[in-house]
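K.L.:
Take a look at the letters that make up each chain.
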Amino acid sequence: MAPDERLVAVGISHHTANVEDRERVAVAPERVPVILDQMCAEGFISEGVLLSTCNRTELYTVPGRNGSADRLARLLAETGGVLDRSLVDKIYTKRDEAALHHIFRVASSLDSLVIGEPQIVGQLKSAFRLAQTGNAAGPMMHRVMDRAMSVSKRVRTETDISREAVSVGRAGVELVRQVVGDLKGRSALLIGAGQHGKVVARALLDFGLDELVVANRTFERAADLANLYNGSAIPLQEVDRYLHRVDIVVSSTGAGRLLLTRGDVSPALTKRRGRPLVMIDLAVPRNIDPSVNDLRGVYRFDIDDLAQFAGRGKQSRLDAAEVAERIVEQATERHWKQIMGEQVSQELGRIVKGAEHIRLGEMARIEALLSTLPPEQSVAVDAMTRAIVKKLLHQPLHQLRAWAEDGNIEQAQALFTAFGREDEEDA
Amino acid sequence: MSTAATIFALSCLVLPILGRWLARFRDVRADWASLSIWAPLGMAGLLVSLLAMGSSSSVWPMVTVQGGLQTLALLVCGGWIVLSRSERMEAAGTILMSIVGLLIVTSLLDPVRTASAGSLGLFISIHLGLIFVGLGSFALSFALSVLYLTQRNRLKSKRLQDIRDLPSLDTLDRLNARTQGIGFVALTVGVAMGFFMALGSSSGRGLSGLTFWGTVSVWGWYAIGLQSRLMGGWSGRSAAVFGVVGFCALGAIIGLAAVWQGGWHGA
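First to last, the protein sequences are chains A and B. With the first letter of the first sequence counted as 1, position 108 gets the number 108 in my numbering; the numbers rise by one all the way through. With the first letter of the second sequence counted as 1, position 216 gets the number 216 in my numbering; the numbers rise by one all the way through.
No lab work stands behind these hints, which were simulated from the structure alone. Be aware that one or more of the hints could be misleading.
[Unchecked claim] Listed below are the simulated DMTMM-like cross-link pairs for lysine to aspartate or glutamate, each with C-alpha atoms no more than 25 Å apart in a straight line:
1. Lys156(B) <-> Glu174(A)
2. Lys158(B) <-> Asp37(A)
3. Lys158(B) <-> Asp264(A)
4. Lys158(B) <-> Glu174(A)
5. Lys156(B) <-> Asp305(A)
6. Lys271(A) <-> Asp170(B)
7. Lys156(B) <-> Glu87(B)
8. Lys184(A) <-> Asp31(B)
9. Lys158(B) <-> Glu362(A)
10. Lys156(B) <-> Asp146(A)
11. Lys156(B) <-> Asp70(A)
[Claimed, not checked] Which residues of chain A face chain B? A few of them, derived with a C-beta cut under 8 Å, are:
12. Lys90
13. Arg177
14. Gly181
15. Gly185
16. Asn227
17. Leu228
18. Tyr229
19. Gly274
20. Arg296
21. Gly297
22. Ile303
23. Gln308
24. Phe309
Cβ coordinates follow ideal geometry from the N, Cα and C atoms, glycine included.
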């Protein structure tokens with residue numbers, strides 16, 4: 001570990017990479033604990049949290065004996081199995097206070113695609129839980145994550161950043177609910193396995209959707225997705241037969257052509273007896289003929305409509321973001337000092353323990369001589385050595401504590417390193 | 001006393017609408033203009049006015065055009081308070097309170113007339129009461145229908161900025177069906193009572209004329225609308241159009257009965 005790297009954040013996000021590149025480093029939740037455990041075992045990290053969403057994959061970590069920020073960036077580029085050199089340039093690295101500042105910005109949704117969107121808090125909490133599952137969440141990550149959540153809460157409470165902010169998934173749900181109302185008792189048809197489609201489907205289920213039918217070009221893929229969402233799978237060719245049954249159609253295939261035309265939708269409407277049908281086309285190029293929107297009872301929205309809806313109140317959120325940035329900056333400065341102070345306090349215990357270890361070692365060396373002494377003299381020697389150690393350490397430890405409390409982390413670190421070296425030489 | 005209470009009621013309903021209008025076009029705060037505060041006050045004013053009217057006359061207030069219009073205004077106000085338990089019903093309140101305001105103004109302009117001897121019975125008060133419940137429900141249906149058509153238009157034309165100001169299409173359609181249903185049942189029973197009363201009377205008054213044929217036509221219109229909804233699935237836009245057209249026809253009948261005829265079945 002480089003001595004100046006106490007906290008590192010490496011990652012790739014919508015700021016630096018497109019969807020395809022982000023997909024290459026995305027990590028499924030079930031793999032997160034495995035990867036973190038492996039990194040810990042190989043000494044690349046001593047603790048860490050891996051956050052992987054559709055907009056970012058980031059590793060927040062305390063580098064281990066074999067790890068450094070640059071090494072971790074390369075490891076992230078290898079997540080897909082082989083080192084992808086084109087990705088290395090798109091991976092950013094932040095160290096120490098800058099890393100903490102970045103984590104606070106992410107938690108406060110200042111770094112999100114839709115500024116102020118609320119999902120990131122839940123995603124960060126899930127990532128931390130996964131790190132705890134894999135025993136990769138040590139004291140530093142606990143401190144960082146606790147503070148990130150508290151800063152995020154403060155930003156949301158003290159600014160209007162979350163007002164009217166919605167993610168693409170939530171925007172889809174909101175639009176659907178403006179037509180069909182409560183999602184309880186409703187059913188949806190998901191065509192394709194595109195990222196946005198899955199996000200909208202997930203959000204619909206979270207808001208109480210009763211039934212999800214998945215259709216895909218590859219039936220096995222549809223079955224996998226249906227299994228994941230507790231739904232049912234159908235072949236893509238049978239989509240027409242389900243149009244009169246479902247209330248919502250979400251399409252996000254990479255077919256590159258229209259899958260549902262006006263002629264496909266129109267016959268289904270007779271059987272629907274006036275029940276509205278919401279069609280969300282997230283594919284580019286489009287899968288659902290835009291003219292179906294002219295049909296009675298059919299409401300068709302595409303990705304631009306969702307973005308338009310998600311972007312409501314953008315200016316007010318940008319204004320709020322300025323205030324939020326100031327809150328995050330102040331919080332970063334204060335919390336970094338506190339975290340380092342707590343780290344130093346923890347190390348003080350280690351120094352005292354090390355000194356006691358030395359004292360006991362020296363006492364053991366003269367054990368034979370001590371055994372010849374009367375018991376009260378032996379006890380006196382033990383007390384004397386203990387007092388010497390205590391008095392020798394008193395001033396340096398007092399100074400360390402004072403520096404930690406004042407936020408003079410660099411000086412405290414220098415003294416701590418000096419103790420560490422002495423300890424190592426002795427060992 | 002009655003006029004003062006009516007003017008108070010009118011002020012309670014006009015002030016918040018004016019306040020919200022100002023807040024929309026000028027940079028003015030309108031926290032005070034919530035209808036959930038002002039509508040009950042307006043209702044109280046109308047109730048006092050009707051009680052004053054009743055105490056100064058030997059007939060039920062609703063038998064006269066003035067009292068009848070105020071009774072209808074009171075019912076619409078109460079209906080909105082029930083509706084406002086659903087989310088985002090402020091816009092419906094604005095429409096309904098405008099209707100209430102119009103009813104109150106018409107009642108103030110109408111000269112106080114004494115009711116004829118045939119109007120004195122409790123039976124006729126129930127007949128009128130049921131018809132007013134029907135009309136009040138159709139007024140609620142009208143407001144919901146207007147909101148439905150507005151919201152539908154916004155969604156179809158992708159003007160998505162303001163869609164969260166109004167309830168979902170499903171909520172609006174469901175409430176519209178409910179208010180039309182309640183209105184239809186009340187109107188049916190009310191009209192049936194009136195019919196049998198007229199048959200039983202020696203003059204047969206009320207079995208012809210604008211109010212009779214107008215009410216029967218509106219009843220038929222809503223009957224077709226509800227039947228189409230039940231049998232043909234004519235919900236949503238079709239039901240909303242039925243609601244708007246039906247209530248406009250009702251408004252014309254009430255206006256003509258009040259202003260032109262000078263009484264529900266003639267002066």
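K.L.:
Compare the structure with each hint and give your call.
P.N.:
Verification of the supplied hints:
1. Lys156(B) <-> Glu174(A): holds (15 Å)
2. Lys158(B) <-> Asp37(A): violated (49 Å)
3. Lys158(B) <-> Asp264(A): With Cα atoms ~23 Å apart, lysine 158(B) and aspartate 264(A) stay inside 25 Å; holds.
4. Lys158(B) <-> Glu174(A): holds (14 Å)
5. Lys156(B) <-> Asp305(A): holds (11 Å)
6. Lys271(A) <-> Asp170(B): The given pair, whose Cα atoms are some 18 Å apart, holds under the 25 Å limit.
7. Lys156(B) <-> Glu87(B): Since the Cα atoms of lysine 156(B) and glutamate 87(B) sit roughly 22 Å apart, the hinted pair holds (cutoff 25 Å).
8. Lys184(A) <-> Asp31(B): violated (34 Å)
9. Lys158(B) <-> Glu362(A): violated (82 Å)
10. Lys156(B) <-> Asp146(A): Distance of about 45 Å is beyond 25 Å: violated.
11. Lys156(B) <-> Asp70(A): violated (52 Å)
12. Lys90: With a closest approach of 33 Å, the lysine 90(A) hint is violated.
13. Arg177: It holds, given that the least Cβ distance between arginine 177(A) and chain B is near 6 Å, below 8 Å.
14. Gly181: holds (3 Å)
15. Gly185: At about 11 Å, which exceeds the 8 Å cut-off, the nearest Cβ of chain B leaves the hint on glycine 185(A) violated.
16. Asn227: Given a least distance of 30 Å, the restraint on asparagine 227(A) is violated.
17. Leu228: violated (28 Å)
18. Tyr229: With a minimum Cβ separation of about 23 Å from chain B (threshold 8 Å), the hint on tyrosine 229(A) is violated.
19. Gly274: Nearest chain B Cβ about 4 Å off; hint holds.
20. Arg296: Since the shortest Cβ distance to chain B is 7 Å, the answer is holds.
21. Gly297: holds (6 Å)
22. Ile303: violated (12 Å)
23. Gln308: holds (6 Å)
24. Phe309: Status holds, d = 5 Å.
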